[in-house]
Amino acid sequence: MTATIQAATKRRRSPRGNTTRKKNSGGMDGPALRARSGWRVKQDLKGASLSLPFLLGFALFTLVPVAMALKESVFATKTSGLGFGKATSTFVGFDNFAEALADTSFWAGMFRVFIYAIIVVPLGQLVSLAMALVLDGVRRRVAARFRIVLLLPYMVPGLVATMVWIFLYSPVVGPLSDFLQVFGVQVNFFAGNTIWSSIGNLAIWGGIGFNMLIMYGSLQSIPHEIFEAARIDGAGELRIAMDIKVPFLRGSLVLTSLLAIIGTLQIFNEPLLFRAVTPETITKDFTPAMMIYNQAFQVGNINYATALSIVLGVVVGIVSTIIYRFTNRIES
Amino acid sequence: MTQASLRPAVSGTVPEGADTPHPARFPRKRRRNPNVQRSANEAVGVSRWVMLGILAFLAIYSAGPLWWLIVASTKSKEELYTTNGMWFGEFSLLDTLSDLFTYQDGIFARWLWNTVVYATLGSVGLTLVALAAGYAIAKYRYLGRGFTMGLIIGSFLIPGTLMIVPSFVLFTQMGIYDTIWAMILPGMFGSFSVYLAKVYAEGAVPSELMEAARIDGAGEYRIFFSLGLRLMTTAGATIFLLHFVASWNTFMWPLVFLKGADKWPVMLGLYSWLERGTDSQYDLTGLVITGSLVSTIPMIVLMIAMQRYWRSGVTMGSLK
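Each protein sequence line maps, in turn, to chains H and E. Residue numbers for the first sequence, in my numbering: 1 to 332. Residue numbers for the second sequence, in my numbering: 1001 to 1320.
Do not rely on the hints blindly, as some may be mistaken.
[Said to hold, decoys possible] Dumping the calculated DSS-like pairs for lysine-lysine here, alpha-carbon to alpha-carbon at most 27 Å:
no.: 1; chain 1: H; residue 1: Lys284; chain 2: H; residue 2: Lys78
no.: 2; chain 1: E; residue 1: Lys1259; chain 2: H; residue 2: Lys78
no.: 3; chain 1: E; residue 1: Lys1263; chain 2: H; residue 2: Lys284
no.: 4; chain 1: E; residue 1: Lys1259; chain 2: H; residue 2: Lys284
[Said to hold, decoys possible] Counterexamples of contact, computed for chain E against chain H with all Cβ distances above 12 Å:
no.: 5; residue: Ser1092
no.: 6; residue: Ser1098
no.: 7; residue: Trp1113
no.: 8; residue: Leu1151
no.: 9; residue: Asp1216
no.: 10; residue: Thr1234
Because the hints were derived from the structure by calculation, they are not lab data. Glycine included, every Cβ here is placed at the ideal spot set by N, Cα and C.
Between the sequences and the hints, there should be enough to build the whole structure, so can you do that?
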């Protein structure tokens, strides 16, 4: 069985192999060539089989779940009797999606993360940009020394970072409240109107190292002759930074912003941890991802949770496309 | 982004050692480079001090929270609430550590061990699978190669949140829900790692060398295992490190897929302690703080020691 398939594939593949090989074998043809190209095909197939483990795993753990998501989202589970009977799955078409589109708490969460993203992501980019520019402006040895310190937040696991900031914000164990008290400022970092700033600061802290690294890397690749020429023309350091370095970084900025926004729309860990200390501010539906988690694993409504996931996925996709289009237009 | 634009990036990221050329081999370059750097790129006068000031401020912002974590870890439970947060009180790190490792029959050590197991097994598996697949896509011509590449690039667009719920359904059906396989297996087939391996293999494995091995009578598998794998060591280390760090930090996945506390990785364990807070008769704040520090140190040590690998990974990631 396998032999026939292989033979069939061989036969199908050989014409293409012939045409490509004819060029460099210079007119050699006949049985000799056919034998040789059959050999090639066998080689290529053997080589291709090295990608089989990945393909099988990828199909099982990525393609199957995506297909299942599409399937689950058009069904609904109904329990018969008083909730003790056997659960039955019934096809409901796009009902779940209709419900999702009309779900105010889902869209409230989406609105929350959206506003948060368009404030925090540019702010984080600005800080990283400043960091990269300053690091690029000092002596190399100084830069090397500071760089490792500035990268420390990147090396801290995201969950630990969140916990550390929760403790820093805490009025009981954290030093921040006491510190601000010195200036007569009283802040409750966990109140409804400040919680996003608190989470935003933590996100910026965790992200600047990574972004700075990419931007600093791009800055290092600018040919130094440009700066020399600009200085001869009388440009100051600030002018050089704004007119040469920043435009040069546009590509990196677009990329890091895109990654940050995509990540931010799916924000889950940070608000969930904040919820552990301040459940009255952070509701269980605070962000779309939290709502999905809650629907699937607390409420137990897998079908609805899947529909919500797909809606979130589509929103993320649309936002990425818009940003990509928009920034491409600016560049051209 | 086309392949052509990616290729120079790889040659730029792979030989990181080029940062510090061998003095004996490139004496002239070494002498001249710092001077060029200094005159061309460095600010002078007042602006230099302004820049150093900004840098110092950013350094405090970056390192401050870690400093607090270290200081707080050395304090006893009472002192956490009474002393200045940014400076040491009485040094009782050994007591807090012994509290950490004895609470609940030393479950914290168990969590650390689980994390190491999941991260190591998953990363070794992922690295082998990704190197083999990347090598196959880069070095062989076969039907379905373009399609595979399309799948890989396309899967970059699938948001992680979308995968959680259907994976839960799938794992329950497969019977690997709440087993360590739920932690190890799915992570082994990362498409980004394959992409990384493919781009690397294109630059690092010369087809002439493979041809020579064939003439010497080596089979394709033999060539991969004794030649390809060796030439791709750097890519392997990068893939391994990136995944190891990612699985050390992962949180949502075990939160959904592991029920029993004895199977949890350390991050999930710390979260459960934070969630319980001071509600129980035991104040867990000190344990969460010390546990956070203990679980972070291996990452910082690993990442500083293997800087060149994750930096090339980050630069590669930025090309995605």
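Structure-inconsistent hints, enumerated in ascending order: As far as the earlier hints go, only 8 is violated by this structure.
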